[in-house]
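The chain contents come next:
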Amino acid sequence: NAGVTQTPKFRILKIGQSMTLQCAQDMNHNYMYWYRQDPGMGLKLIYYSVGAGITDKGEVPNGYNVSRSTTEDFPLRLELAAPSQTSVYFCASSYSETSGTDTQYFGPGTRLTVL
Amino acid sequence: RKEVEQDPGPFNVPEGATVAFNCTYSNSASQSFFWYRQDCRKEPKLLMSVYSSGNEDGRFTAQLNRASQYISLLIRDSKLSDSATYLCVVNRGSARQLTFGSGTQLTVLP
Numbered sequence: 005n006a007g008v009t010q011t012p013k014f015r016i017l018k019i020g021q022s023m024t025l026q027c028a029q030d031m032n033h034n035y036m037y038w039y040r041q042d043p044g045m046g047l048k049l050i051y052y053s054v055g056a057g058i059t060d061k062g063e064v065p066n067g068y069n070v071s072r073s074t075t076e077d078f079p080l081r082l083e084l085a086a087p088s089q090t091s092v093y094f095c096a097s098s099y100s101e102t103s104g105t106d107t108q109y110f111g112p113g114t115r116l117t118v119l
Numbered sequence: 437r438k439e440v441e442q443d444p445g446p447f448n449v450p451e452g453a454t455v456a457f458n459c460t461y462s463n464s465a466s467q468s469f470f471w472y473r474q475d476c477r478k479e480p481k482l483l484m485s486v487y488s489s490g491n492e493d494g495r496f497t498a499q500l501n502r503a504s505q506y507i508s509l510l511i512r513d514s515k516l517s518d519s520a521t522y523l524c525v526v527n528r529g530s531a532r533q534l535t536f537g538s539g540t541q542l543t544v545l546p
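Sequences listed follow chains R and Y, in order. Sequential numbering of the first sequence, starting at 5, is according to the working numbering. Sequential numbering of the second sequence, starting at 437, is according to the working numbering.
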């Protein structure tokens with residue numbers, strides 16, 4: 005199993021540009037999450053999904069959108085990049101019918117800089 | 437008040453030392469508790485879950501006090517490889533959402 009994979013690893017955007025951060029998991033997890041982590045800070049939840057076709061806002065959803073068309077994929081969309089979105093973005097997944105645990109497994113992260 | 441509060445440190449300790457980290461949480465409905473470890477510029481990884489009865493995994497011991505809403509992590513016989521940031525994590529009780537503390541930075545010195 006590859007676990008949780010994210011692409012790209014790094015990206016530099018100009019203000020106003022758009023991009024999609026990709027996230028995929030092969031553990032058959034129902035739940036998927038997007039977090040951002042600013043320097044010296046904890047992770048803040050942007051959006052989450054409890055299954056295909058279902059998404060919901062977390063603490064800091066403004067400026068982002070998500071979709072969940074399949075169990076495996078959970079892309080995060082930035083429509084109009086702003087310097088305040090400079091951060092490290094982590095995707096995570098958790099819970100299957102067999103494991104039934106809250107443990108979240110994280111991807112390696114995407115480092116985004118908006119200039 | 438933050439949902440999960442940790443002493444940010446940094447904690448600088450010599451090899452072989454014992455070090456303890458504390459964490460408090462505000463949501464009394466929380467049911468699951470964890471310590472995650474995050475190495476510099478890497479993703480968080482589960483170190484251990486925390487149970488009401490307390491639990492131990494090798495050199496690591498975690499304790500939970502529900503009445504005081506307090507979680508602790510004890511590391512004995514510190515190794516250089518223990519240097520990392522330790523995140524206290526608490527669930528929000530719904531949709532398996534987790535709340536992360538800001539982390540406590542540990543550096544183990546030779």
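Be aware that one or more of the hints could be misleading.
Lysine-lysine pairs mimicking DSS-like chemistry, simulated, CA-CA at most 27 Å apart [stated by the list, open to error]:
| no. | chain 1 | residue 1 | chain 2 | residue 2 |
| --- | --- | --- | --- | --- |
| 1 | Y | 478 | R | 18 |
| 2 | Y | 438 | R | 61 |
| 3 | R | 18 | R | 61 |
| 4 | Y | 515 | Y | 478 |
| 5 | Y | 481 | R | 48 |
| 6 | R | 48 | R | 13 |
| 7 | Y | 438 | R | 13 |
| 8 | Y | 515 | R | 61 |
| 9 | R | 48 | R | 61 |
| 10 | R | 48 | R | 18 |
| 11 | Y | 515 | Y | 481 |
| 12 | R | 13 | Y | 478 |
| 13 | R | 18 | Y | 481 |
| 14 | R | 13 | R | 61 |
| 15 | R | 61 | Y | 478 |
| 16 | Y | 478 | Y | 438 |
| 17 | Y | 438 | Y | 481 |
| 18 | R | 48 | Y | 438 |
Under 10 Å between C-beta atoms, here's a sample of chain Y residues computed to sit facing chain R [what the hints assert, rightly or not]:
| no. | residue |
| --- | --- |
| 19 | 440 |
| 20 | 444 |
| 21 | 448 |
| 22 | 477 |
| 23 | 506 |
| 24 | 510 |
| 25 | 537 |
| 26 | 544 |
If you're looking for bench data, these hints aren't it; they were derived computationally from the structure. Cβ coordinates follow ideal geometry from the N, Cα and C atoms, glycine included.
Hint check:
1. Under the criterion of a C-alpha separation no larger than 27 Å, the hint pairing residue 478 of chain Y with residue 18 of chain R is consistent with the structure, at around 25 Å.
2. Our distance criterion of 27 Å between C-alpha atoms is met by residue 438 of chain Y and residue 61 of chain R, whose separation comes to about 19 Å.
3. At roughly 25 Å between alpha-carbon atoms, residue 18 of chain R and residue 61 of chain R fall within 27 Å of each other, so this suggested pair holds.
4. This hinted pair checks out: residue 515 of chain Y and residue 478 of chain Y have alpha carbons roughly 19 Å apart, not beyond 27 Å.
5. Between residue 481 of chain Y and residue 48 of chain R the alpha-carbon distance is near 16 Å, which keeps this suggested pair within the 27 Å criterion.
6. Taking the CA atoms of residue 48 of chain R and residue 13 of chain R, the gap is near 19 Å; set against the 27 Å cutoff, the hint holds.
7. Of the supplied pair hints, the one linking residue 438 of chain Y and residue 13 of chain R is violated, its CA atoms being roughly 30 Å apart against a limit of 27 Å.
8. Straight-line distance between C-alpha atoms of residue 515 of chain Y and residue 61 of chain R comes to about 40 Å, which puts the hinted pair past the 27 Å bound.
9. Using a Cα cut-off of 27 Å, the hinted pair residue 48 of chain R and residue 61 of chain R holds, with the two alpha carbons roughly 11 Å apart.
10. Restraint check for residue 48 of chain R and residue 18 of chain R: satisfied, since their Cα atoms lie roughly 23 Å apart, inside the 27 Å limit.
11. A C-alpha spacing of about 18 Å is found between residue 515 of chain Y and residue 481 of chain Y, which places the hinted pair at or below 27 Å, so the restraint holds.
12. Proposed proximity of residue 13 of chain R and residue 478 of chain Y is supported: the alpha carbons are some 11 Å apart, at most 27 Å.
13. For the given pair, residue 18 of chain R sits about 32 Å from residue 481 of chain Y by alpha-carbon distance, which is inconsistent with the 27 Å threshold.
14. Restraint check: the Cα-Cα separation between residue 13 of chain R and residue 61 of chain R comes to about 24 Å, which is no more than 27 Å; the hinted pair holds.
15. Between residue 61 of chain R and residue 478 of chain Y the CA atoms are separated by roughly 25 Å; this keeps the pair inside 27 Å, and the hint holds.
16. Proximity of residue 478 of chain Y to residue 438 of chain Y is assessed by CA-CA distance (about 24 Å); at most 27 Å being required, the pair is judged to hold.
17. Restraint check for residue 438 of chain Y and residue 481 of chain Y: satisfied, since their Cα atoms lie roughly 22 Å apart, inside the 27 Å limit.
18. Distance hint between residue 48 of chain R and residue 438 of chain Y is fulfilled; the C-alpha atoms sit about 12 Å from each other, no more than 27 Å.
19. Hint on residue 440 of chain Y holds. Least Cβ distance to chain R is approximately 7 Å, under the 10 Å limit.
20. Restraint check, residue 444 of chain Y versus chain R: the minimum CB separation of about 8 Å is within 10 Å; hint holds.
21. Here the hint on residue 448 of chain Y is broken, as its CB sits about 17 Å from the closest CB of chain R, past 10 Å.
22. For the restraint placing residue 477 of chain Y at the interface with chain R, the shortest Cβ-Cβ distance is roughly 8 Å, inside the 10 Å limit, so the hint holds.
23. For residue 506 of chain Y, the shortest C-beta to C-beta distance to chain R is roughly 18 Å, which exceeds 10 Å, and the interface hint is violated.
24. The beta carbon of residue 510 of chain Y comes no nearer than 21 Å to any beta carbon in chain R, farther than 10 Å, and the hint placing it at the interface is violated.
25. Checking residue 537 of chain Y against chain R: minimum C-beta separation of about 6 Å stays under 10 Å; hint holds.
26. Interface restraint check: residue 544 of chain Y against chain R, minimum CB-CB distance 20 Å, threshold 10 Å, status violated.
In summary, the structure is inconsistent with hints 7, 8, 13, 21, 23, 24 and 26 from the numbered list given earlier, while agreeing with the others.
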